[in-house]
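Novice: Here the protein sequences line up with chains L and F, keeping their order. For what it's worth, this note's numbering labels the leading residue of the first sequence as 1, then goes sequentially. For what it's worth, this note's numbering labels the leading residue of the second sequence as 1, then goes sequentially.
None of these hints come from the bench; they were simulated from the model. Hints are supplied without guarantee of correctness; some may be wrong.
As the list makes no split between identical chains, a pair holds if one copy fits it or if it spans any two.
DSSO-like cross-link-like pairs, simulated, lysine-lysine; straight-line CA separation at most 27 Å [as the list claims (entries may be wrong)]:
| no. | residue 1 | residue 2 |
| --- | --- | --- |
| 1 | K246 | K13 |
| 2 | K180 | K16 |
| 3 | K13 | K65 |
| 4 | K301 | K65 |
| 5 | K65 | K100 |
| 6 | K298 | K180 |
| 7 | K233 | K246 |
| 8 | K16 | K100 |
| 9 | K180 | K301 |
| 10 | K13 | K301 |
| 11 | K65 | K53 |
| 12 | K16 | K53 |
Since this is a predicted model, take the numbers as computed values, not measurements.
Number of protein chains: 2
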Amino acid sequence: MNHPMAIRRRSIKLHKQWGGKLEVRSKAPINNRRDLSVAYTPGVAAVCRAIAKTPRAAASMTIKKNSVAVITDGSAVLGLGNLGPLPALPVMEGKCILFKKLANIDAFPICLDTQDVEEVIATIKHIAPVFGAINLEDIAAPRCFEIEGRLRSALSIPVLHDDQHGTAVVALAALINALKVKGERIQACRIVVCGAGAAGTAITNLLVQYGASDVIVVDRHGILCHGDRRLNKPMAELARHTNRQKQVGKLIDALIGADVFIGVSGAAGIVTAPMVRTMNPDPIIFALSNPDPEIDPKVAKNAGALIVATGRSDYPNQLNNVLAFPGVFRGALDHQVRTITQAMLLAAAKRLAACIHRPTRTRILPGALDKRVVTAVASAIR
Amino acid sequence: MNHPMAIRRRSIKLHKQWGGKLEVRSKAPINNRRDLSVAYTPGVAAVCRAIAKTPRAAASMTIKKNSVAVITDGSAVLGLGNLGPLPALPVMEGKCILFKKLANIDAFPICLDTQDVEEVIATIKHIAPVFGAINLEDIAAPRCFEIEGRLRSALSIPVLHDDQHGTAVVALAALINALKVKGERIQACRIVVCGAGAAGTAITNLLVQYGASDVIVVDRHGILCHGDRRLNKPMAELARHTNRQKQVGKLIDALIGADVFIGVSGAAGIVTAPMVRTMNPDPIIFALSNPDPEIDPKVAKNAGALIVATGRSDYPNQLNNVLAFPGVFRGALDHQVRTITQAMLLAAAKRLAACIHRPTRTRILPGALDKRVVTAVASAIR
C-alpha cells in the first residue's frame with residue numbers, strides 16, 4: 001500500500017468516490033419556518049443592517065470570523081509545474097481539509113483562470129470581503145513576490161504565500177533542532193540554499209533574520225552573487241544580503257566546506273555522494289524537493305551526513321508545510337492580526353522547534369498530525 | 001416570538017453565537033499518515049495529472065461536481081438597497097445553507113468589493129474554475145442584465161441571476177395555480193406587473209413565454225410604452241413585447257379592468273383598496289415587495305381580491321425563491337447543463353405548480369421546506 005503506484009491508484013479511486021473532498025455545511029438549524037425566519041429572511045435583515053453600521057461586526061457574525069481563501073493561479077502545482085487552475089483544485093481542496101482538521105478553519109479553494117499579475121491582484125482584492133485571511137498557494141516565482149507584496153499593502157486582512165513562508169518556518173524549525181543535535185550555533189555555519197524561487201527566497205530571509213550570517217544561494221545558473229546583472233529583482237535583492245565573500249561558481253563549488261545544505265530546487269538527484277564528502281564533517285542535508293529529493297537520503301547518510309530530512313513521508317524527518325500553515329492562520333484569525341510579520345514567523349519557527357524537547361538524528365520535528373503543533377505555532381502569531 | 005422585533009433580536013443573537021452560518025468540512029478522513037498520503041501529497045498528484053489530461057474529470061473528482069458560487073456585489077441587498085459587500089454576506093450565507101439543506105449543494109458566498117460591470121464580470125470569470133454553477137444574487141438592475149448575459153456567453157457553466165429567474169419561476173407557478181382556482185386561462189387575462197427591475201423584467205418575459213398576451217409593465221415613472229425614448233435599453237426591450245395597445249398613464253390607470261396584479265416594486269402600500277375595486281371581478285393580487293407589500297393582504301381581500309399572495313411568511317400564500325433555486329441548480333448540476341434556458345424555467349414553473357394537486361385560495365404553492373419541490377423542479381432542468 002505504501003508503494004507510490006498503489007497510493008496513486010487509491011487516490012484516484014477515492015477522489016472519484018468522494019466527488020470532491022469538501023462540503024459546505026450549515027451551523028444553523030433549518031427545520032421549520034421559524035428557523036428560516038431567523039437564519040434567513042426576514043430576521044437576517046437586522047444582521048445586514050448591523051454590519052452596514054459597524055463593518056467590524058462581520059468578524060463576529062459571518063464566516064469571515066473563521067474563513068481562509070486558499071488561492072492559486074495553478075502556475076506551480078506541487079512539483080508538477082504550470083498545470084493551470086483546474087488540475088490545481090485537488091491540491092487546494094487537500095489544503096482546505098487540513099485547515100479544518102488541524103485548526104478548525106473554514107477554508108475554501110479559489111483557482112484563478114488567469115496568471116496575469118494585475119488580474120490576479122484585482123481578482124483577489126475583489127473577493128476579499130468574505131475572508132478572514134488569504135493563503136496564496138502554488139504561484140510561481142518571481143510573480144508570487146509582487147502579488148503577495150501588493151496584496152499585503154492593499155488589504156486589511158493577512159495575506160501569506162505558504163510556499164514561501166510556511167516552508168521557511170518549517171525549514172528553520174528543523175534546522176534549529178538539527179543544530180541542537182549537532183551542538184552547533186547557526187552563526188558558525190555556512191549554509192547553502194539551493195533554489196532561488198518562492199521557498200528558497202523565504203527560507204534564506206528567515207535564516208538571516210534568525211542570525212545566519214554565512215548563507216549562499218544557488219540556482220540553476222549557479223551561485224547568486226551581488227552585482228550580477230543577469231539576476232531579476234527578487235534574486236538581486238537576495239544576493240545583496242547573502243554570499244558576503246562574493247563567491248562565484250556552481251552548486252558543486254558552493255558545497256565545499258559548507259555545514260548545511262537546504263535544497264528546494266525541484267531538481268532530483270543534483271547532489272551526489274562525492275559532493276557531500278566535500279562538505280564540513282557531519283553535514284546537515286535537507287533535500288526537500290518533491291517527489292524526488294536532491295539526493296537519496298540513504299546515499300547522503302552513507303556519504304557522512306549527520307542528519308537528513310526530506311519532504312517525503314516514507315523517510316524519517318519529513319518537512320511538511322502542514323506543520324506551519326494551520327497554526328499560523330489560526331493565530332492570525334484568533335488575534336485578528338492584520339499583517340503576519342517576519343518577527344511572528346520567526347517566533348513560530350522557534351515554537352515549532354520547541355515542540356520536540358530532545359531532538360535526535362531521526363526526529364527533529366513533530367509528526368504532521370501532532371495536535372500540539374497548531375497551538376504552539378498559533379501562540380506566536382499575535 | 002413571531003413579532004418582527006423579537007425575530008430581529010433573536011437573529012442578531014444567534015448570528016453572534018454561530019459566528020457565521022457556514023462551515024467547510026472534509027468528506028475525506030484524515031486520521032493518519034496513510035490518509036494524508038491519499039487525500040493530499042503524494043497521492044493527489046495523480047488526480048492533478050488526470051485532470052490536466054482530461055479537464056472534464058474535474059466534474060467527478062473535485063468540488064466542482066457539486067458547487068455553486070452565490071455571488072453578489074451588494075448593490076440590492078434584500079429590500080434594504082445598496083449596502084455593499086460585507087453587509088450582504090449574512091444573506092448570501094443564508095442562501096448557501098438553504099442550498100445545502102434543500103438540495104445538498106455545496107454553495108459558497110462571494111461578496112464582491114466592486115460594483116463596476118467590467119470588474120464584476122472579469123472577477124467572476126477568473127474564479128469560475130472551482131464552481132459547477134453560478135448564482136448571481138442581489139445585483140441591481142439594469143446592471144444585472146448585462147452581467148448575467150455576458151457571463152452566460154463567456155462561461156461553460158450555468159449562470160443564473162436568482163432575483164430575476166427564481167422569482168419568475170415562483171411567480172408563474174403561483175399564477176398558474178391561482179388561475180386554476182379562478183377557472184381562467186392566462187390568455188384571457190390582463191396582467192399588470194409593477195416594477196421593471198430584475199424581478200419585474202424576468203417575470204414579464206416568463207409570463208409572455210407561457211402565453212400571456214396582455215401584460216402591462218409599470219415602473220415608478222408610469223406605464224412602459226414602446227417608443228418612449230426615456231426608457232433604458234432593457235426597459236425599451238420590455239416595452240416592445242408588452243402593452244400592445246400602447247396605453248399611457250400611471251399604475252392607477254393600468255389597474256382599471258386588469259385581472260392580475262404582480263408587484264415587485266419595492267414600494268410599500270402603493271396599491272389602495274379603491275384601486276383594487278377598479279380591477280375586473282375576483283382579481284388576483286401578488287404583492288411581493290419585502291418586507292412590506294404593495295398592499296396589505298387584508299385590505300386587498302376586503303376590496304374583493306380572490307387570491308392574495310405576498311413574500312411574507314406570516315400570511316398565507318408565501319412566494320419565496322427558495323421554491324425554485326435549489327431545484328434549478330440541483331437539476332443543472334446533475335445533468336451538467338451548460339445554459340439554463342427559458343424553456344427549462346418554464347418547465348420548472350409548471351412542475352412547481354403541479355406540486356399542488358388541488359390549489360385553493362389560501363394554498364397556491366407548497367411550503368418553503370416541502371421536500372417534493374426540489375425533485376420536481378430539478379426534473380425540469382435538463
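Novice: Against the structure, test the hints numbered earlier, and report the numbers of the ones violated in rising order.
Specialist: Going through the list in order, the structure violates hints 1, 2, 4, 10 and respects the others.
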